[in-house]
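Undergrad: Letter by letter, the chains look like this.
Number of protein chains: 2
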Amino acid sequence: MTSPDPAWLPASAFRPLGSRRVRVVGDGPLVTTVRDEVAAAVAGHGGALVEDGPVDLELVCAGGDGSEAFTVERAGTTAVRATGGAGLLYGFHHVVRLGEAAFGADFPVEHHAPRRPVRMLDHWDNTEVHPVMGQVERGYAGDSIFYADGRVRDDLSRVAAYARLLGSIGVNRVGLNNVNVHRAEARLLTDLLPDVVRLAEVFRPHGIRVHLSVSFAAPVTLGGLPTADPLDPGVRRWWDRATADVYAAIPDFGGYVVKADSEGQPGPFAYGRTHADGANLLARALAPFGGTVFWRAFVYDHHQDWRDRTTDRARAAHDHFAPLDGAFDPNVVLQVKYGPMDFQAREPVSPVIAAMPRTRLAVELQVTQEYTGQQKHVCHLVPQWREILRFPLAGDAVGDLVDGVVAVSNVGRDRFWTGHPLAQANLFGFGRLAWDDRLAPEAVLDEWIGLTFDDPAVREPLHELMDGSWHTYERYTAPLGVGFMVNPAGHYGPAVDGYEYSRWGTYHFADRDGVGVDRTRATGTGFTGQYPAPWRDVYESLETCPDELLLFFHHVPYDHVLRSGTTVVQHIYDTHFAGVEEVARMVEVWAELEGRVPDAVHARVEELLAEQLRCATEWRDQVNTYFFRKSGVPDARGRRIH
Amino acid sequence: MTSPDPAWLPASAFRPLGSRRVRVVGDGPLVTTVRDEVAAAVAGHGGALVEDGPVDLELVCAGGDGSEAFTVERAGTTAVRATGGAGLLYGFHHVVRLGEAAFGADFPVEHHAPRRPVRMLDHWDNTEVHPVMGQVERGYAGDSIFYADGRVRDDLSRVAAYARLLGSIGVNRVGLNNVNVHRAEARLLTDLLPDVVRLAEVFRPHGIRVHLSVSFAAPVTLGGLPTADPLDPGVRRWWDRATADVYAAIPDFGGYVVKADSEGQPGPFAYGRTHADGANLLARALAPFGGTVFWRAFVYDHHQDWRDRTTDRARAAHDHFAPLDGAFDPNVVLQVKYGPMDFQAREPVSPVIAAMPRTRLAVELQVTQEYTGQQKHVCHLVPQWREILRFPLAGDAVGDLVDGVVAVSNVGRDRFWTGHPLAQANLFGFGRLAWDDRLAPEAVLDEWIGLTFDDPAVREPLHELMDGSWHTYERYTAPLGVGFMVNPAGHYGPAVDGYEYSRWGTYHFADRDGVGVDRTRATGTGFTGQYPAPWRDVYESLETCPDELLLFFHHVPYDHVLRSGTTVVQHIYDTHFAGVEEVARMVEVWAELEGRVPDAVHARVEELLAEQLRCATEWRDQVNTYFFRKSGVPDARGRRIH
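Residue numbers (my numbering), protein chains in the order written: chain A, 1 to 642; chain B, 1001 to 1642.
By construction, these hints were calculated from the structure, which means they are not laboratory data. Mixed in with the good hints, there may be bad ones.
Cβ-Cβ distance ranges computed for the label pairs, FRET-style [what the hints assert, rightly or not]:
| id | chain 1 | residue 1 | chain 2 | residue 2 | range |
| --- | --- | --- | --- | --- | --- |
| 1 | A | Arg503 | B | Ala1578 | 19 to 27 Å |
| 2 | B | Asp1537 | A | Asp308 | 47 to 55 Å |
| 3 | A | Asp308 | B | Ala1578 | 47 to 55 Å |
| 4 | A | Asp547 | B | Pro1546 | 46 to 54 Å |
| 5 | A | Ala244 | B | Ala1184 | 44 to 52 Å |
| 6 | B | Glu1387 | A | Glu606 | 16 to 24 Å |
| 7 | B | Arg1637 | A | Glu606 | 57 to 65 Å |
| 8 | A | Asp547 | B | Glu1387 | 36 to 44 Å |
| 9 | A | Arg503 | B | Gly1046 | 51 to 59 Å |
| 10 | B | Thr1227 | A | Glu607 | 26 to 34 Å |
| 11 | A | Val132 | B | Ala1578 | 52 to 60 Å |
| 12 | B | Thr1227 | A | Val132 | 52 to 60 Å |
Given the structure is predicted, the values throughout are model-derived calculations rather than measurements. Using N, Cα and C, we set each Cβ at its ideal position, and we do this for glycine too.
Using the sequences and the hints given, assemble the complete structure.
TA: Shown next, in the form of structure tokens:
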């Protein structure tokens, strides 16, 4: 294999630091990582790694307390100080991101610390290639970088490069396998454990702990027990022993990730037990070793009858979990998808996040673009995540209500890691926002551009191309927060009625008079009642509900006038025409960048933008035609609707 | 493997003949087959195979001219006479079907001969299992009976049983592999030829010649030539040699089946040549050996733009092939699907069949139930085929305009051959109608029931259950001939808009005002003009177009009044409610048959009827809801529409 794309850590990104005299002080594996980074940087750019004498940069780790914080200041010399190796690593990369600015005017001490302890990427990787889904479920960047032919790969150099990238942005945990745990992958917990040890060794020097997704039925399927009942003493012993074996091999193992009683995965319901019973079973096995169980709240009826308008999938997570607040052990983290449905381009924030003050929570984002263009479309999601994390759900913002931010990764064996080279920015931005969600997404984007592309002339046009791309994607896909309208087979491209008569609970209820889902308390499913004030009322009322969520909360006639002043149907037409025009503009902007970015990157993005333009046009035409046929209302501006 | 289901040749079917004294006179392999059949029958039922003395039945083959005709008479003794082994075989099975009636009152000489020389089953079998499609494309009865692991199976006993079944109903040709010829299957023509020889040996004693589907690109992909241009001398030499090799191994090889320039298969268009050029290339390689090429007319633009209402897939076969009438060699048979689209439950008969008087034609039916319930639903198609074959398309009926009837088979390794045990009746009925399309489908059904089930009390209820099942299926699926509305992924179950915005040319154009495809000359695509009188005018006019094809030819408002007196939308509601009620009645009738049919058959059909009822209900509700949402017209009878 050729060496993978350097992503946001190309040699050029280390030029400012690498051309200086640098001292690294301290001991321990992460300090060694930093020292090796500095050595490589100065070797490439003419600086020096020195032990004595005057320096431009001093990186000092005074201790080994595991802290992730660091300080940075400049008073003639630039100095990074930390009390733990992770803090030093993060401080080092902070200086890399600063570039020349780190060595300019003096600045006083800045204290940097992550806003939350858990910053995690889940990998939906299977050890084998599935004939339909491929190897990485919802992966759009080739096969797994971890596994081949049922085992962990022999050559882990690519994993090492990935671990370095994650360490540079502060990610500190990874889930190594798909939350849908198939039979082959269940064995990672047992006889394939030596393989997991090898992965843990690759992640460890970058401050990253590994997790395994486990099957709740493992005591039966792997252990041969007659039951997986969480209250059964034999089951408890099985988990205790399995967990002890893991920690004997991987002392800093992070813990488990569990998708239970969800979309066919086994769980405690089979034994009449609660999710708390299930989660605490694993938590107690992990507790002696400092491990954590991440228990997913993505639980709903996936055999819903579309005829039944009283059942509302959006309600499910809150209905299931809110009553269990306080029942989870302290080393359980309830992992809640950001919205009540499933990673749509637009959803309201999940009310579960406000409903469980006595439970540790993590919010789950999706870096892999399952419903947002599958890394064929430029859809820069960092602004979406910023909006979610800073949303004032319960006085506090979402980011302040959770202990962790978790996301599904978007990498694979693709030469650019992420299929679409520009999708690297989502991975980068995830790490940056997970560290500190008060960062401005525009600034994070510029950081990524500046690190990734050496030519400073790239920044402005590429920023223009990417910054609004999430809104562009939203404009040409499902309107006004109603969601879905995607092809059920694969979730790529439009199918307005694709999920309308399905068992998945994802409907828009469009008829000749109107569209949308009535989730009000007054006349609908009552989902608005799951929100705290003021949102329970903001969303309830047609007058106050934000336009972009209108059809998520209300069924309205096509001539309903939005807060923006246009009717619903005209808004649909307008945004879909606009979205395609914006993609056409992206194509133009990218053409200008030829010669300013690596040729291979330019060619790949050019090809994918052509596909994005084709697909966006298809979205526009299908959605517009669908609503024109249903409503009979012509476009007020007389544009062609087929 | 346990021995397969005897289908319509259980031991009991041979009781009348097997309990008699029988003489078989003649020589040759097919006479041997008959003699062996008689020997087995008398051994099981107490009769005798004798050479001299008085007999109840005499089967005489006086010669070996290859004739398929026979006479039968009774004057004290029943006598079957033929001048060829095939005729004797068919006469023998005629007597089996007559049962005791063959040995009752005397009757004068009856002359029996097939109505056409070609009666063929195509198998869309691949040598390997495809991860998505399975091994048999559009197969709903398990893996291929022919192939395993890329080769012809070692144990061909099941193929022998199948060949016997086909021989008993007069099928005389089989295509051995999928018309979509993948790389692995292309090699059946070359290095896997010894495997094909083994299959030919199994079919030969039943009067059946084998055919191979070949790839038009074979000279390139297998032969390493730079071109597959049909006018290139090197290409011609390649086909000549390959064909000579086949005939050296299989002297009675039937010939080739070709899907060219269709749905991605290679063909002559790549070289600027016509289908006639392509077909004649192969025909001339086959001619010295008496072989035939079956060239499929299923050619259309499968990358159609749904926005373009001027392109009409229904026109495609006629547009492509009618101008070529007279250009095909005499040993080319143009194989035309019965309708202009693709094996829907209801289509008008293809106008191509009337348009090529100087070309040998075969009409292609589909025994495998791709769009008609996939052998999960009882959908007895023999009445449909009878209607097609007797349709007076051009003065003559379709059956009189063609040299052959070809169909896609429905068998696999399933214990009942066809998945649904009652789908055996479609295979049986295909053979019977291919032999003589003047047979009444009700009588053919009773023949099948009588042969298959020993208990005479089965006949009446099972006849009731099956006879109208095609119309029942039509009632609960796409209305009034408009077709499709199936799930694009797999073609099973409803998706009203599933193909509406696709590239496949299969649309219904439903909007808030009406539904249907305008294929008139006056205002539509002009497809009606491809028909001869009177059909070009019958279909053109709203007043004369048959209700069941109305939406195939016309786009009409929902309140359009049908010839039946109801409006279009009310017809949709009525037929969909009725269809489900009819399936519910099927369930009741089948329940009465417990104990009268083999338990395993009863259990399988019971299970499948439950699925049929579920699926029919889903069709009803999705179609009714779809049109209620679009039209806003309530059901006149106040039934619940969701």
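Undergrad: Look at each hint and say if it fits the structure.
TA: These are the hints, each one checked on the structure:
no. : hint                               : result
1   : A:Arg503 <-> B:Ala1578: 19 to 27 Å : 26 Å, holds
2   : B:Asp1537 <-> A:Asp308: 47 to 55 Å : 49 Å, holds
3   : A:Asp308 <-> B:Ala1578: 47 to 55 Å : 24 Å, violated
4   : A:Asp547 <-> B:Pro1546: 46 to 54 Å : 49 Å, holds
5   : A:Ala244 <-> B:Ala1184: 44 to 52 Å : 50 Å, holds
6   : B:Glu1387 <-> A:Glu606: 16 to 24 Å : 55 Å, violated
7   : B:Arg1637 <-> A:Glu606: 57 to 65 Å : 59 Å, holds
8   : A:Asp547 <-> B:Glu1387: 36 to 44 Å : 55 Å, violated
9   : A:Arg503 <-> B:Gly1046: 51 to 59 Å : 58 Å, holds
10  : B:Thr1227 <-> A:Glu607: 26 to 34 Å : 30 Å, holds
11  : A:Val132 <-> B:Ala1578: 52 to 60 Å : 37 Å, violated
12  : B:Thr1227 <-> A:Val132: 52 to 60 Å : 36 Å, violated
This entry does not satisfy hints 3, 6, 8, 11, 12, going by the numbered hints stated previously.
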